Structures are given as structure tokens and as C-alpha cells.
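Everything in the sequence shown is counted per our numbering, starting at 1 for the first residue and increasing by one.
Mixed in with the good hints, there may be bad ones.
Straight-line distance between alpha carbons at most 30 Å, and here's what the computed DSS-like set of lysine-lysine pairs gives [unchecked claim]:
#1 K114 / K164
#2 K77 / K122
#3 K133 / K77
#4 K84 / K133
#5 K114 / K133
#6 K122 / K164
#7 K164 / K133
#8 K133 / K122
Beta-carbon label-pair distances, calculated as ranges [claimed, not checked]:
#9 S87 / D61: 40 to 48 Å
#10 R65 / A91: 21 to 29 Å
#11 S87 / V40: 27 to 35 Å
#12 K164 / V83: 41 to 49 Å
Quick caveat, the hints were computed from the structure, so don't treat them as lab data. It should be emphasised that the depicted structure is a prediction, and the values quoted were computed from it without experimental measurement. Backbone N, C-alpha and C fix where the C-beta goes; we use that ideal spot for every residue, glycine too.
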Amino acid sequence: MPVLYLSKGLESSISTDLLETIIVSDVRSFAQDPRFCLSVMAEIACRALSPAVNDPGTAIDVIGRGVRILSAYAQNKSDEIEVKYPSIHVAPLQNNDLLEDFFSPVVRDGAGMKEIHIRILKGLSMLSRGWPKMFAEAAHTLAFETLEHAIRAGHIDSERYLIKSIYYNLFNDENYNIKL
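Build the full structure now, drawing on both the sequences and the hints.
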């Protein structure tokens, strides 16, 4: 089954360039699917948080790596894209999907660990403040979701207070500050 049709008269270098951009494989790869990469990283963090492994340090490390990957993505993303081939259309990545793919499973599985909530809140804040147009809305939503999980997780009062304080210090924007 063909994956690409070319009009007559195109230079062979153009057809070679186009064919090199298409990845065909039996399995998903990070090169062809950045959301898959973030999902796999989230799975690694979740596995580290499982009772069988119980390694929050690895989960914290993965959270930091995920934030750095999302930061690099934001730094390299340009609003002004040179359109070389106007007849080729590709659906753009949705920034809120990227954040949800990575953070939501870790928030859920790390519900009982204050250090996980704190690291997630700090990572979301960094992304929100560094690239507000790209990440602010999704980061604020996920930060509130993190706070809800923390409150319902059965933390002792001092831990719950600490997590709430961090949330309100990092996400005190009037437009997003949700009172509990």
C-alpha cells in the first residue's frame, strides 16, 4: 500500500527527502510519536511508585526528565512555521495532551506520597511560567487535580497543609485560583 504519491516533474531529491521523513514500523517509536515517549516515561514513574518497587526517588527523577523534555519541546517549537509543502497536512500535537499523558498517571499513582505531589506541582509551575501560552491552562488544571488527589489521599494534616501551601504559592493567579 503506497504511503506517498508524488506529482510528475518533481526532482528526485525532493522525493528522497519526503520518503526519509516517513517512518513505517510494526511498533510505535519515540521518533514518530512524542506522546508515546511521554506515556512510557509516565509508566516508568508509575512502576517505581508501585508497592512492589516503592522507589519514589526514581519517580521524582522521571518527573524531572519529563519536565526537561517538555521544556526542550517548548523552546524549539515555533509559531511561525515555514510551509514547504502546502498540500501536506499533519495534525499538530496538542500541548494539553502532552501534559496529561505524562502527569496524570503519576499524579494518580503517587497520591499517597507528598514528595511526588510537590515535585509535580513544581514541574507544572515551571512549565506554566516558562511557556504560559503553551502550557498555562493545562498546567493549572493538572495542578488542581494534583491538589485534589493529595487532599483525598489521607495525608496527615501537616503534609496536606504543606501541599496546599505549595499549590497556592505556585498557582496563585486570580484566573486559576480555585478555593477549597
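Verification of the hints:
Taking the CA atoms of K114 and K164, the gap is near 11 Å; set against the 30 Å cutoff, the hint holds. In summary, the hint linking K77 to K122 is supported, as the alpha carbons are separated by about 22 Å, within the 30 Å threshold. Pair hint K133 plus K77 holds up; C-alpha atoms about 12 Å apart against a cutoff of 30 Å. For the hint pairing K84 with K133, the CA-to-CA distance comes to about 26 Å; that is within 30 Å, so the pair holds.
In summary, the hint linking K114 to K133 is supported, as the alpha carbons are separated by about 29 Å, within the 30 Å threshold. Note on K122 and K164: the hinted pairing holds, with a Cα-Cα distance of about 13 Å set against a maximum of 30 Å. A distance of roughly 25 Å separates the Cα atoms of K164 and K133; the hinted pair therefore holds under the 30 Å criterion. For the proposed pair K133 and K122, the alpha carbon gap of about 18 Å is at most 30 Å, so the pair holds.
Judged by the Cβ atoms, the range 40 to 48 Å given for S87 and D61 holds: they are separated by roughly 44 Å. Between R65 and A91 the CB atoms are about 26 Å apart, so this pair conforms to the stated range of 21 to 29 Å. At roughly 33 Å, the beta carbons of S87 and V40 sit within the given window of 27 to 35 Å. Restraint check, K164 to V83: a C-beta distance of roughly 47 Å satisfies the suggested window 41 to 49 Å.
Every hint, counting from the list given before, is met by this structure.
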